[in-house]
Amino acid sequence: MTTPFSPPLYMQRYQFVIDYVKTYRPKKVIDFGCAECCLLKKLKFHRNGIQLLVGVDINSVVLLKRMHTLAPLISDYLQPSDGPLTIELYQGSVTEREPCTRGFDLVTCVELIEHLELVEVASFSEVVFGYMSPGAVIVSTPNSEFNPLLPGLRGFRNYDHKFEWTRAEFQTWAHNVCRDYGYSVHFTGVGEAVGHWREVGFCTQIAVFQRNFHDSMSNAERLEPSVYRLMYKVVYPSLSDNNIYQRTLVNEVLYEAQHLRQEWLSRMDSSNNAHFCAPPLMHLFQHGAEGGTRDWQPVYQQGGTICVPLACVWSSPRVRALCGSVQRLRQELLEDERVRMSADGTVLNLPAAEEEEEEKEVEEEEDVKAVSVVANSVEEDWDRELGCCGNI
Amino acid sequence: MDPKRPPFPGHPGVTRMPWMQSAEDQGQLPDQPPLGRARGLVLPKDDPLPGRGRALGVPGETPVRFGRGISPSVSEPLVGFPRGVRLPTDEGGFGRARGFLLSTPEPSVGIGRGAAVGPVPTPDIEKSDVQEKMPERQTVVAPVIPQVEAPGPGSSLVSMFRGLGIEPAKTWGRGATPVGRGAAGDLGAGVQSKPTIIGAEEAISVLGRGFVGVGRAALPHMSVGRGPIGPSGPVSPVDAPFSLQSAASISEEAPVPPGTPPKVEVKMEIVKEPLQKIGTKGSPISIGSNYIPICCKNEAVFQYHVTFTPNVESVAMRFGMMKEHRPTTGEVVAFDGSILYLPKRLEEVVHLKAERKTDNQEIDIKIQLTKILPPSSDLCIPFYSVVLRRVMRLLGLKLVGRNHYDPNAVVILGKHRLQVWPGYSTSIKHTDGGLYLIVDVSHKVLRNDSVLDIMNLIYQGSRESFQDECTKEFVGSIVITRYNNRTYRIDDIEWSKSPKDTFTLADGTVTTFVEYYRKNYGITIKELEQPMLIHRPKERSKPGGKVITGEILLLPELSFMTGIPEKMRKDFRAMKDLTMHINVGAEQHTQSLKQLLHNINSNNEAVSELSRWGLSISQEILVTQGRTLPNETICLHSASFVTSQAVDWSREVVRDPSISTVPLKCWAVFYPRRATDQAEELVTTFTRVAGPMGITIDRPIRVELRDDRTETFIKSIHSQLTSEPNVQLVVCIMTGNRDDLYSAIKKLCCIQSPVPSQAINVRTISQPQKLRSIAQKILLQINCKLGGELWTVNVPLKYLMVIGVDVHHDVSKKSRSVMGFVASLNSTLTKWYSRVTFQMPHEEIINGFRVCLLAALQKYYEVNHTFPEKIVIYRDGVSDGQLKTVELYEIPQVLKCFETIPNYEPKLAFIVVQKRISTTLYSYGSNHFGTPSPGTVLDHTVTNRDWVDFYLMAHSIRQGCGLPTHYIAVYNTANLTPDHLQRLTFKMCHLYWNWPGTIRVPAPCKYAHKLAFLSGQYLHSEPAIQLSEKLFFL
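These protein sequence lines map, in sequence, to chains C and P. Just so we're aligned: the first sequence equals residues 1 to 392 in the UniProt record's numbering. Just so we're aligned: the second sequence equals residues 1 to 1034 in the UniProt record's numbering.
It is possible that some hints are incorrect.
Footprint (simulated), chain P over chain C, 3 or more residues, beta carbon under 8 Å [what the hints assert, rightly or not]: (1) 45–54; (2) 226–232; (3) 250–256.
Here are some of the chain P residues that sit facing chain C, going by a computed Cβ distance under 7 Å [unchecked claim]: (4) 393; (5) 448; (6) 476; (7) 480; (8) 489; (9) 518; (10) 524; (11) 796; (12) 879; (13) 881.
Because the hints were derived from the structure by calculation, they are not lab data. All C-beta atoms, glycine included, are put in the ideal place defined by N, C-alpha and C.
Just need the whole structure built from these sequences, with the hints factored in.
What follows is the structure in structure tokens.
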């Protein structure tokens, strides 16, 4: 089937969900019938504050095949994101009551219900709206009124479709759901025909349900046994993990401090041949010639220690971005054993000289003689062995 | 016979004179059915040279032709068997027992046999013998056919052969230890498949082999039993119980007259002959290696050819249609659009129907069995590798480039803003010992900085030369993009573009980069004025013929740097932080390997993924027997001594006189004022330590410079050299690591005013307690540069010339590559002649090589008044893929070179030296892996089936793992035995005068490397010819 839409219709459906997420910023999202996990993969990039992303499909083979596309990228480790994200994939059916699917902010069922038998649709409604009762539900399904416009189409759009609804049929179902489970709905869609055909409606019709009551799920219900099978779970590295945060911050601070120290040392080196004459015990040096805010407080040396004032480190935009205030920075650093701070927490202390290189020096051991006299008593002659005695 | 097959083109003589066709072995008949494409999957292009193109082990793609020509019988049910009877005839023309290369497919059982043997140009006397025996063979083999009729075409191979009285898997095959196999050369040695298939496959190869002894008889290690034996030949029951047994049982059950032509379409891959490459010298030791045996439980892998009628162009559509027929093919398939591999056997020809969705055209899919491969066949390796990648992913490892890394074991080096990712590089290889998984521990260095971050840093540092600095920093480096895990090499920077520019997507829409990343990845580009990075992919065609070409533009902001920063490389301490994590010892290395094997085998999904193709990976690291070569005797001027266990003679060389020294009468030292003390101190120390080494040294001309600017140095060196033309040596004492100054000094002293020069960093001579030993080292180096000789080892070959060749490539790829060439001039291998040639990126190395070789021969003649009888060339920098090119192109050129000298035909050994390999060796004892001692050699099991090769670890390991060097004797008319090759190579590893011990590669290679590096990196031009007899480049 060739679609005359650009971008392709499936992309438009995904975009619809992404736009919704951007506007309403749900924290927990579940996608039923996630199949190749395309939508989940998109949402992973367009997070907009999503913290838990769950995909459910009845076909475990397809999940197994595609689940790795949801794994964190290398860059997620290199630059952990601010907000947490967990992705879980389950094998299961939308007609089953699964306790861990409760309490979500958004449920998406993109092109799903038409694959269910009509009897199953009823239990689907009951499970999703009655049992799970998420904050919002997005349901998309083909609009059968549009079908005559699709070239070469006979019957349903897909062999596995059990039905394709008109707008009226879809809306009747939706309104019933709203009445039964306390939701309100509005209808829209993607893929419009041109000209006078517009009146057949969108190619894909979409219903967006909003829950009318406040969520009051008690934790006791969560104790029901799980019916879904967990196929895949991954927790993305993020700064909301305190360990990762601490580590990232300390690394940034140490890097910055090391950088300042190195800068200072090389300045000393070039200004008075630090190599050959010992540097003064206490040397105050105005560092930073290129002009900047941090220049007001210099790096200095005290005994065997290079002192980097915290304010110098604080001037690094990366450090700033990681923690909101100098106070917090100081607090975080005082807790970390990798950072050596002055008692008042205003100065970082770094060793002036690197630990002496412990190059293995082979000592002269005159007594031990590893040398033996020529032991090659048998004179070898490979030419003879080869049987070719120079006959050129 | 398939009635749909195109009619026989009409060579009526074929049946009776099949040998007439031998010339066509390499080509395809014009009307040949698409069978000929069977190779496509693995070998994208056919080598035009006879037989060579099939190096991957698909000998003779000509089954159809024979089948057509010979068999009028349509009813012949047996497909598998007769084709298997092929003759791995060793090709006489190339003088090597490389059975697989030109193995002629045994065309048919009866008449065709002559075809296979007839055309073989084996210059062996016993050839006639074989031909005489042929009639017997015919009667023996032909009768097989009716016997096989019973089980029918669908029956398993094993049962087929059981019916023949051949019991699968007995004494031979897997049971034999790898060492014993090769060394003893027993008949079962070649068997690499599992017992289950052996019944079929091995019986065939035994039959074939018994009577193709022709080529093999020429080998020195041939045992009697393996000679030109027909079934009635003198088969030793110990050596080859099977050829006897099977042959006998076959002939007994031979009721059908010979000449019944079988159908010959499906053939089995033959088992290759092992090459003679095992040496014996030295003491045996237990050696572990990072090779892990892979078990193939399946009997065979079946290769099919798939045709779509009417033709379906789109490969994607072909995939789709085949996917619909999974019920027929099963879930486990490897399909490239026309070649299909299955672990199961279908009917010989299967017709399936599919509908083309675009026009509802009904398509007939014909799946025809073309080949039965042993499961360890090279053809299977590509899709085994795909399986392996899947397994690695199942273990949660991340693919970066070609290797897999573990995000849960990352080491963060905050101080340097980088992360070290430990991981594995894996590959599957079919070596002499069978199918192996080769696992190496790999580390990926990733940086927390984006390219844009570093650009900002560079901008702060130098605004004027910003663009140049960026080019220097980034071009050639690898980046990883933020939105996927792909890595790209930066080839250029596009300064005139920015993220605000537009580009066209595949569907034709035009969008800006900013919009693209926002829309697709939710990424907001912060810096709108950044330039773009350019990656130019190598032109390659995807399956389906789509040629990928053009440029890929990347955003600096979204590209992370990988690899060790250049600045850090020069920082000794920073590198120590890093290498601490990267250089793992043998213990740790094997530990991580075992961990991986454990993870694979304890992961159910991984195990089942592997078992889809019948594979299972052993839990154990390969342990086999290697040898430690005998210690060598180092000869100085008068002292000589056997090397110690640590192969280190740093003390001896400074205590006893070198072989020859050049008195240092007139030399000049240049130093900036601030280094005056150090210079003075150094000169004093020189005179103190020179005596024991046998060096006489006079006071130098001392030139104190007012500053350390490059011009100051150059000007005063130049004026000194002009005013005093007898200066033997220029010594420069530099402050700091200064490439520009070093380069300027070397250019002046190597090109403009040729004179040996020595540059010394003041830092290295600043520590009084170390000065003595450093001065000794420098003095030895100076002696080499002046033409002195330090030490040697005895090489018991007369009139030998050893040549080392290495190529230096510039990282930025733009500039030319440089070939360094070093050749020995005397019998003690202490005089070296060196040359350099530059070549453009795609220019062949060989042009320059010929010039160098001729010059070296000329020089050798001047010195010795004769030409060398034996020439051994060590050629570094050749990858596995280029070996054929070396053999077929470079070596003939070298031989032509000799022809320019009248009546000159030296013996030649051409040995390729490979340093960058993934093979690691461990010593093994009492259940503990360690580093092997210097001189450890391994010449079987892990070696390449196609060549005579060996792994030698010559150097002593202080840190990290035992990385041997791989040596491949591509050409050897010198007839050096494996022992000679190995020991000569080990000897050569002793002769690098910059290091009083053994090194990883033969000294001439190292010299050539040094020379090429100096010329390419600093001189950018050929050094002056006056220096060609001195090791000025040390």
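How the hints compare with the structure:
Here's how the region 45–54 of chain C fares: 4 of its residues keep a CB closer than 8 Å to some CB of chain P, so the rule of at least three is met and the hint holds. Against chain P, the region 226–232 of chain C contributes 0 residues with a C-beta closer than 8 Å to a partner C-beta. That does not satisfy the three-residue criterion, and the hint is violated. Given as covered by chain P, the region 250–256 of chain C passes the check, having 5 residues with a CB less than 8 Å from a CB of that chain where 3 are the minimum. Nearest Cβ of chain C to the Cβ of residue 393(P): about 5 Å, under the 7 Å cut. The hint holds.
Annotation: residue 448(P) was flagged as interfacial toward chain C, and the flag holds, the nearest CB pair being 6 Å apart, inside 7 Å. Checking residue 476(P) against chain C by beta carbon gives a least distance of about 20 Å; that is not within 7 Å, so the hint is violated. At its closest, the beta carbon of residue 480(P) sits 6 Å from a beta carbon of chain C; the interface hint therefore holds under the 7 Å criterion. Taking 7 Å as the C-beta cut-off, the interface hint given for residue 489(P) is violated, the closest approach to chain C being about 16 Å.
Annotation: interface hint on residue 518(P) violated; nearest CB of chain C at approximately 9 Å, more than 7 Å. With its C-beta approaching chain C no nearer than about 11 Å, residue 524(P) sits outside the 7 Å limit, and its interface hint is violated. With 7 Å as the threshold, the beta carbon of residue 796(P) comes within range of chain C, its nearest partner Cβ sitting at about 4 Å, so the hint holds. Against a cut-off of 7 Å between C-beta atoms, the interface hint on residue 879(P) is violated, since the closest Cβ of chain C lies about 27 Å away.
Residue-level restraint check for residue 881(P) is violated (minimum Cβ-Cβ distance to chain C is 29 Å; threshold 7 Å).
The structure does not agree with the numbered hints 2, 6, 8, 9, 10, 12 and 13 stated previously, though it agrees with the rest.
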